[in-house]
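According to UniProt numbering, the sequence shown is numbered sequentially starting from 1.
Derived by calculation from the structure, the hints in this document are not laboratory data. Be aware that a few hints might be false.
[To be verified] Capping the alpha-carbon separation at 20 Å, the derived lysine to aspartate or glutamate pairs in DMTMM-like fashion look like this:
#	residue 1	residue 2
1	K581	E562
2	K153	E168
3	K352	E382
4	K366	D413
5	K187	E132
6	K398	E273
7	K199	D185
8	K199	D413
9	K298	D321
10	K426	E531
11	K248	D198
[What the hints assert, rightly or not] The following label-pair restraints were derived from C-beta to C-beta distances:
#	residue 1	residue 2	range
12	S388	A177	44 to 54 Å
13	K447	C566	17 to 27 Å
14	I570	L611	24 to 34 Å
15	I570	L358	31 to 41 Å
16	Q385	M452	44 to 54 Å
17	I569	G157	46 to 56 Å
18	K426	L152	43 to 53 Å
19	D301	W14	39 to 49 Å
20	H454	W228	46 to 56 Å
Keep in mind it's a predicted model, so treat the numbers as computed, not measured. Every residue, glycine too, gets a C-beta built ideally from N, C-alpha and C.
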Amino acid sequence: MILCPCKKCGNIYWHFHEVVYEHLIVDGFIRGYKKWIFHGECTSSGTSSTINPTYPDTDYHQHVRQNDMEDMLRDAFNMRSHGEQSFLPDFIISEDCNIGENVFCETGTSAPNEEPNEEVAKFYNLLNEMNEELYEGSKYSKLSFCIRLFHLKCLGGWTGNSFTMLLEFLREMFPFAKIPQSCQDMKRLIKDLGLGYDKIHSCPNDCMLYWGDKKNQQSCHVCGKSRWMNSNTEDVNTDEGGVQLRKKPVKVLRYFPLIPRLQRLFMSSKTAESMRWHNDQRTDDGLLRHPADSLAWKSFDSKFPSFASDPRNVRLGLAADGFNPFKIMSTSYSTWPVVLVPYNLPPWICMKQSSFILSMIIPGEKGPGNDIDIYLQPLIKELKQLWSGVETYDVLRKENFNLRAALLWTINDFPAYANLSGWSTKGRYACPCCAAQTCSKWLYNGKKFSYMGHRRWLDENHKFRFQKTLFDGTEEYRGAPEQTVGSKILFMLKDINFSYGKMNQPPITQTMRRSRHESDDESDEEDDPNEAELWKKRSIFFELPYWEHNILRHNLDVMHIEKNVCENIIGTILNVDGKSKDNLQSRLDLVDMRIRRDLHPQILPNGKYRLPPSIFSM
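Work out the full structure, taking the sequences as your base and the hints as a guide.
Below you can see the structure in the form of structure tokens.
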């Protein structure tokens with residue numbers, strides 16, 4: 001890796017050669033970088049700068065390097081000054097203040113009118129204590145020393161025992177330094193900063209979490225699987241420094257508590273001000289620039305005016321999808337991160353990676369599927385609490401207030417849509433909006449469903465409604481289907497029991513009824529199914545008191561949809577072998593539907609088929 005000399009990286013960040021090449025193509029070189037002292041060119045004195053590089057603006061370079069730790073903390077606590085690269089903290093603790101009395105002074109302002117609550121005071125005190133020098137005259141603080149050393153532990157894969165022994169050795173060599181006594185002490189230090197997460201054991205079949213009143217169970221009460229691996233154990237340090245053996249859990253959910261992370265947004269004057277942007281600074285001219293301009297946001301505000309009365313209340317979006325962390329290996333594995341997006345922020349901030357809130361990491365080897373609700377339980381519990389409100393300190397207004405938050409919608413691809421909503425996105429009734437009114441037709445030759453009926457949304461007298469041969473061989477007189485509202489869905493599913501877990505099959509009647517609707521190849525006549533039978537589950541989001549009133553509960557991430565549609569169109573127009581949708585099977589389906597006779601395949605004397613060229617063939 002080399003230092004990137006592009007305008008954005010400014011010889012500060014290291015990247016691979018290919019990445020640097022791309023940056024330079026897109027952004028260009030940093031202005032004034034004429035002598036390449038970071039890339040091997042010698043200085044005027046004849047000494048190589050690759051050993052001890054110096055930048056023309058030496059003070060700036062040293063300032064950046066010395067503030068790497070502060071920059072990391074500001075990112076971790078979401079306390080970066082938005083819109084500018086500021087390396088100064090948003091607040092200071094005045095030297096004249098008595099920390100024991102929780103009196104805090106913000107930069108350039110007088111003492112606050114109201115004292116912060118206990119959690120906020122703890123946060124400020126920790127920052128004050130941990131910025132002390134490691135020892136007198138040291139360029140490292142106690143905090144930077146601990147985090148850098150702990151980073152080495154993680155990179156090197158050191159065990160807790162070896163790390164504790166290293167700390168003991170360093171304390172013997174440097175008795176004057178403020179070095180933690182053990183690995184556990186260092187973990188506590190980092191955890192107190194609010195950077196930790198909760199480990200929650202789960203059933204390997206995704207039946208349950210060992211959480212809440214089931215925390216001490218040793219096996220799953222649904223499938224009977226043990227909580228622990230049979231033979232593997234891991235070393236654990238006790239407080240006395242001894243070692244005991246503990247069973248290793250089969251599956252562990254990493255959950256990052258949401259409430260303290262939302263509260264941190266109001267501990268910095270910059271982020272606290274940005275959290276009011278949607279109300280104070282947004283241009284409301286009818287154009288759609290931000291989620292606050294959407295009908296779903298406005299409908300929510302009108303339904304819950306008490307929530308909308310305080311612009312500091314947080315609106316959230318939830319995104320979830322699976323990925324393979326071992327994609328460079330031939331290993332099948334699916335890890336599911338769940339990410340929350342705070343929409344109070346301006347659009348140029350809220351969709352940046354630094355603004356996302358990681359909520360949980362659901363482990364593999366297989367994706368959770370419909371059992372994702374099991375893992376969402378801790379988040380739903382916090383969202384319920386946030387709907388009632390939690391006491392939070394607003395550093396901008398110098399007051400404690402009741403912070404509330406609501407989940408507006410989810411964002412996912414089409415398969416994950418089924419997992420989060422409970423409606424199957426496969427088979428005859430795959431459209432989650434039309435539901436049981438989905439218009440579909442089984443293609444006997446293509447062996448798949450075709451979803452027609454788009455003419456239902458046209459005007460009543462539109463000419464396309466009466467052109468049979470250009471569509472599916474029928475005239476369309478139906479109107480657009482009405483979308484099922486959340487309250488109706490909740491009413492339909494309130495008395496139906498759903499079971500979770502990979503080993504638990506749905507009730508026989510439910511499986512038979514759904515399979516009958518999805519694979520009935522005998523007749524294309526649509527019957528009127530019981531819509532409640534087509535739901536795979538009642539989504540856990542309906543436990544939120546406001547979820548049924550959200551007019552837009554689930555959003556589709558169109559990236560994969562656009563990619564697939566684009567590839568199919570190009571493959572069909574260029575007649576790419578194996579990619580074109582205009583193939584023999586589709587032409588035979590036209591024969592079965594008795595439409596587009598000019599495109600019917602022609603049988604040649606040798607028994608093969610000739611496909612007449614279509615109007616889009618190239």
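Here's how the hints hold up against the structure:
Taking the CA atoms of K581 and E562, the gap is near 16 Å; set against the 20 Å cutoff, the hint holds. This hinted pair checks out: K153 and E168 have alpha carbons roughly 15 Å apart, not beyond 20 Å. For the hint linking K352 to E382, the alpha-carbon distance of about 24 Å lies beyond 20 Å, and the restraint is violated. Between K366 and D413, the direct Cα distance comes to roughly 17 Å. Compliance with the 20 Å bound is thereby established for this hinted pair.
For the suggested pair K187 and E132, the alpha carbons sit about 18 Å apart, so the restraint of at most 20 Å is met. As the CA atoms of K398 and E273 are separated by approximately 12 Å, the hinted pair is consistent with the 20 Å bound. At roughly 18 Å between alpha-carbon atoms, K199 and D185 fall within 20 Å of each other, so this suggested pair holds. Distance restraint check for K199 and D413: the Cα-Cα separation of roughly 27 Å exceeds the 20 Å cut-off, and the hinted pair is therefore not satisfied.
For the hint linking K298 to D321, the alpha-carbon distance of about 28 Å lies beyond 20 Å, and the restraint is violated. Using a Cα cut-off of 20 Å, the hinted pair K426 and E531 holds, with the two alpha carbons roughly 15 Å apart. Pair hint K248 plus D198 holds up; C-alpha atoms about 16 Å apart against a cutoff of 20 Å. Look at S388 against A177: about 46 Å separates their beta carbons, and that is inside 44 to 54 Å.
Our hint of 17 to 27 Å for K447 and C566 holds, since their Cβ atoms are close to 24 Å apart. With their beta carbons about 19 Å apart, I570 and L611 fall outside the hinted range of 24 to 34 Å. Separation of I570 from L358 is about 36 Å and conforms to the stated range, judged on CB atoms against 31 to 41 Å. Take Q385 and M452: their Cβ atoms lie about 46 Å apart, and the range 44 to 54 Å holds.
Restraint check, I569 to G157: a C-beta distance of roughly 48 Å satisfies the suggested window 46 to 56 Å. Look at K426 against L152: about 48 Å separates their beta carbons, and that is inside 43 to 53 Å. Checked against the hint of 39 to 49 Å, the pair D301 and W14 passes, with Cβ atoms roughly 46 Å apart. Judged by the Cβ atoms, the range 46 to 56 Å given for H454 and W228 holds: they are separated by roughly 54 Å.
Comparing the model with each earlier hint shows violations of hints 3, 8, 9, 14; every other hint is respected.
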